[in-house]
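Please build the complete structure, drawing on both the sequences and the hints.
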Amino acid sequence: MTTFVLVHGAFRGGWAWDKVRDELVLLGHTVIAPTLTGCEPDTLRVGTRVGLAEWVQDIRQAMSTATPDSEIVLVAHSQAGIPVRQVLETDSGKIKRVVYLDAAVPGNGQRGVDLNPPGVPAPPADLDPTLMIPARPVGPEQGFVDPELIEFVNSRLVPTPIGPSLDAVTLRSTDAHKVPATFAFFSQTPQTYPCQYTRLHLDDQGISYTVLDGPHDSPMVNAHMVCEFLLRS
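Residue numbers for the sequence shown, in my numbering: 294 to 526.
No lab work stands behind these hints, which were simulated from the structure alone. Nothing here was measured: the structure is a model prediction, and the numbers come from that model. Note that the Cβ used here is the ideal one computed from N, Cα and C, for glycine as well. Some clues are possibly wrong.
Quick list of in silico lysine-lysine cross-link-like pairs, DSS-like style, CA-CA up to 25 Å [said to hold, decoys possible]: (1) Lys312 - Lys389; (2) Lys389 - Lys471; (3) Lys387 - Lys471.
Distance ranges between label pairs, derived from CB positions [as the list claims (entries may be wrong)]: (4) His517 - Pro414: 34 to 42 Å; (5) Thr485 - Phe445: 23 to 31 Å; (6) Ala418 - Gly340: 20 to 28 Å; (7) Ser385 - Ala418: 27 to 35 Å; (8) Gly432 - Ser385: 34 to 42 Å; (9) Lys471 - Thr423: 32 to 40 Å; (10) Pro422 - Leu464: 16 to 24 Å; (11) Leu320 - Ile500: 38 to 46 Å; (12) Val438 - Arg465: 39 to 47 Å; (13) Gly412 - Glu364: 17 to 25 Å.
Have a look at this one:
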């Protein structure tokens, strides 16, 4: 039995996987899509620091709800690449495969705020760790054309805490590298997004990846394509 643990990116929650989840469940798979701390609707964490360790624990807790005989496929979209990569350090033995979708994936000692592609200025050194970055509404410019989907997403967008992106990852486990990893990027993602840093890094290392036709939010805009990719990964 395969259990997909789907981890959302910035400004979103577990709801961002609704369409993907529904299709996978119809095919008989189990899906767990947690909402990370500080990204809940009406979160009580405004004005307090949310750290990377909390996001890591959120994912570990989600994985712990899978049945013991499950083969876990851990999927990270966008910013989720940061906590998901850290999770591999402690839980690699529980994970059959990790899939990174348009994800920012750090190296040892890197922080989320360090993952800027060339031409994107570095953030200020004195960022307030309690800062919540406001969300921007989505629309046709981001690849959303269905008015109902636009309304659904914009009514649920939340500020995202900066704190986890100020914490460096510690990557020392040799077992983490034994977990098969699949990388995919979306063709319409802006060049300024952090996932482009990861894509360039993979190019430098000669690591292969797949380019899927669609916008950054393809898990919502084209869930069927994303599901097909997950199932053949």
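Do the hints match the structure? See the list:
1. Taken as a hint, the Lys312 and Lys389 pair is honoured in the structure, with Cα atoms around 23 Å apart against an allowance of 25 Å.
2. For a cut-off of 25 Å, the pair hint linking Lys389 to Lys471 stands: about 10 Å separates their Cα positions.
3. Taken as a hint, the Lys387 and Lys471 pair is honoured in the structure, with Cα atoms around 12 Å apart against an allowance of 25 Å.
4. Between His517 and Pro414 the CB atoms are about 37 Å apart, so this pair conforms to the stated range of 34 to 42 Å.
5. In this structure the supplied range 23 to 31 Å holds for Thr485 paired with Phe445, their Cβ-Cβ distance being about 26 Å.
6. Roughly 21 Å separates the CB atoms of Ala418 and Gly340, a value that falls within the hinted 20 to 28 Å.
7. At about 33 Å, the beta-carbon gap between Ser385 and Ala418 stays in the expected band of 27 to 35 Å.
8. Remark: the range hint 34 to 42 Å for Gly432 to Ser385 is upheld by a beta-carbon distance near 39 Å.
9. Roughly 37 Å separates the CB atoms of Lys471 and Thr423, a value that falls within the hinted 32 to 40 Å.
10. Separated by about 22 Å at the C-beta atoms, Pro422 and Leu464 satisfy the suggested range of 16 to 24 Å.
11. The hinted range of 38 to 46 Å is not satisfied by Leu320 and Ile500, whose Cβ atoms lie roughly 29 Å apart.
12. Restraint check, Val438 to Arg465: a C-beta distance of roughly 45 Å satisfies the suggested window 39 to 47 Å.
13. A hinted range of 17 to 25 Å for the beta carbons of Gly412 and Glu364 is inconsistent with their spacing of about 40 Å.
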